[in-house]
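**Student:** Same order as they appear, the protein sequences are chains A and B. Last residue of the first sequence: 116 (the working numbering), numbering continuous. Last residue of the second sequence: 112 (the working numbering), numbering continuous.
Just so you know, the hints here were simulated from the structure itself, not pulled from any lab data. Hints should not be assumed to be uniformly reliable.
Here are the simulated SDA-like pairs of lysine to any residue, each with C-alpha atoms no more than 25 angstroms apart in a straight line [what the hints assert, rightly or not]: (1) B/Lys99 with A/Asp109; (2) B/Lys49 with B/Asp8; (3) A/Lys64 with B/Ile101; (4) B/Lys49 with A/Arg37; (5) A/Lys41 with B/Phe63; (6) A/Lys41 with B/Lys68; (7) B/Lys49 with A/Ala2; (8) A/Lys64 with B/Gly98; (9) A/Lys20 with B/Ile11; (10) A/Lys41 with A/Ser90; (11) B/Lys99 with B/Arg22; (12) A/Lys55 with B/Thr97; (13) B/Lys68 with B/Ile11.
The structure presented is a predicted model; accordingly, all values stated were derived computationally and were not measured.
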Amino acid sequence: GAVVSQHPSWVICKSGTSVKIECRSLDFQATTMFWYRQFPKQSLMLMATSNEGSKATYEQGVEKDKFLINHASLTLSTLTVTSAHPEDSSFYICSASEGAGNQPQHFGDGTRLSIL
Amino acid sequence: AQSVTQPDIHITVSEGASLELRCNYSYGATPYLFWYVQSPGQGLQLLLKYFSGDTLVQGIKGFEAEFKRSQSSFNLRKPSVHWSDAAEYFCAVRSNTGKLIFGQGTTLQVKP
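Work the whole structure out from these sequences, hints included.
**Tutor:** If you want it as structure tokens, here you go:
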């Protein structure tokens, strides 16, 4: 149980393109979803927290107009990297939690984004 | 401030040997603690978690961890390491806002 599917797993696109990444909870309802960015050989950096039906909460230093997050249903959240540039190239990982309290976060397999 | 420290950036052990990965946390209240494993190019898989109760928790893949409040530690152990255990390991504490605070990670290399 507790499977999170992230798509696509790998994307290469030209600079200036917008890229959408999907995160789905397959067998549970995700009240909260999280988006992380991970640089090579480093830990995960939380970008934003999204709750179903409300605006995402962004961490300090993360541009909300650059990284658009939508959490329209209890099983789907999307991250759109708008007008992507080479510096946006990274590994993006989503996670989902069934709710507050002691529910753990379950992670997707990540998306490798490469901007040329 | 809440934080997690994994003192060992890189550890190498021989296959079949025992393993201990260290994790220290800083948190005011009773912590919710996690260990995750990440294979190259993959997401994170939950190995085990501690919320309350028995301080020795069992996880998947033969891993266990012991919560020691007096030492603010939550070290991960495995009695006999397999080559497939080579990966990146992250310790995390859940903050009072529900966010996970990760350690820097420990890379485990397994020698044949």
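**Student:** So, for every hint listed, does it hold in this structure?
**Tutor:** Going down the list of hints, with the structure as the test:
1. Proximity of lysine 99 of chain B to aspartate 109 of chain A is assessed by CA-CA distance (about 19 angstroms); at most 25 angstroms being required, the pair is judged to hold.
2. The straight-line distance between the Cα atoms of lysine 49 of chain B and aspartate 8 of chain B is roughly 20 angstroms, inside the 25 angstroms bound, and the hint therefore holds.
3. Restraint check: the Cα-Cα separation between lysine 64 of chain A and isoleucine 101 of chain B comes to about 21 angstroms, which is no more than 25 angstroms; the hinted pair holds.
4. With a C-alpha separation of about 23 angstroms, the suggested pairing of lysine 49 of chain B with arginine 37 of chain A holds against the 25 angstroms cut-off.
5. The hinted pair formed by lysine 41 of chain A and phenylalanine 63 of chain B meets the criterion: a straight-line CA distance of about 23 angstroms does not exceed 25 angstroms.
6. Of the pairs offered as hints, the one joining lysine 41 of chain A and lysine 68 of chain B is violated, with about 28 angstroms between alpha carbons and a cut-off of 25 angstroms exceeded.
7. Using a Cα cut-off of 25 angstroms, the hinted pair lysine 49 of chain B and alanine 2 of chain A holds, with the two alpha carbons roughly 15 angstroms apart.
8. A hinted pair counts as satisfied when its Cα atoms are at most 25 angstroms apart, and lysine 64 of chain A with glycine 98 of chain B qualifies at roughly 20 angstroms.
9. With a CA separation close to 37 angstroms, the supplied pair lysine 20 of chain A and isoleucine 11 of chain B exceeds the 25 angstroms bound.
10. As the CA atoms of lysine 41 of chain A and serine 90 of chain A are separated by approximately 12 angstroms, the hinted pair is consistent with the 25 angstroms bound.
11. Proximity of lysine 99 of chain B to arginine 22 of chain B is assessed by CA-CA distance (about 21 angstroms); at most 25 angstroms being required, the pair is judged to hold.
12. At roughly 16 angstroms between alpha-carbon atoms, lysine 55 of chain A and threonine 97 of chain B fall within 25 angstroms of each other, so this suggested pair holds.
13. Between the alpha carbons of lysine 68 of chain B and isoleucine 11 of chain B the distance comes to roughly 22 angstroms, so the proposed pair stays at or under 25 angstroms and holds.
Against the hints set out earlier in the document, violations occur for numbers 6, 9.
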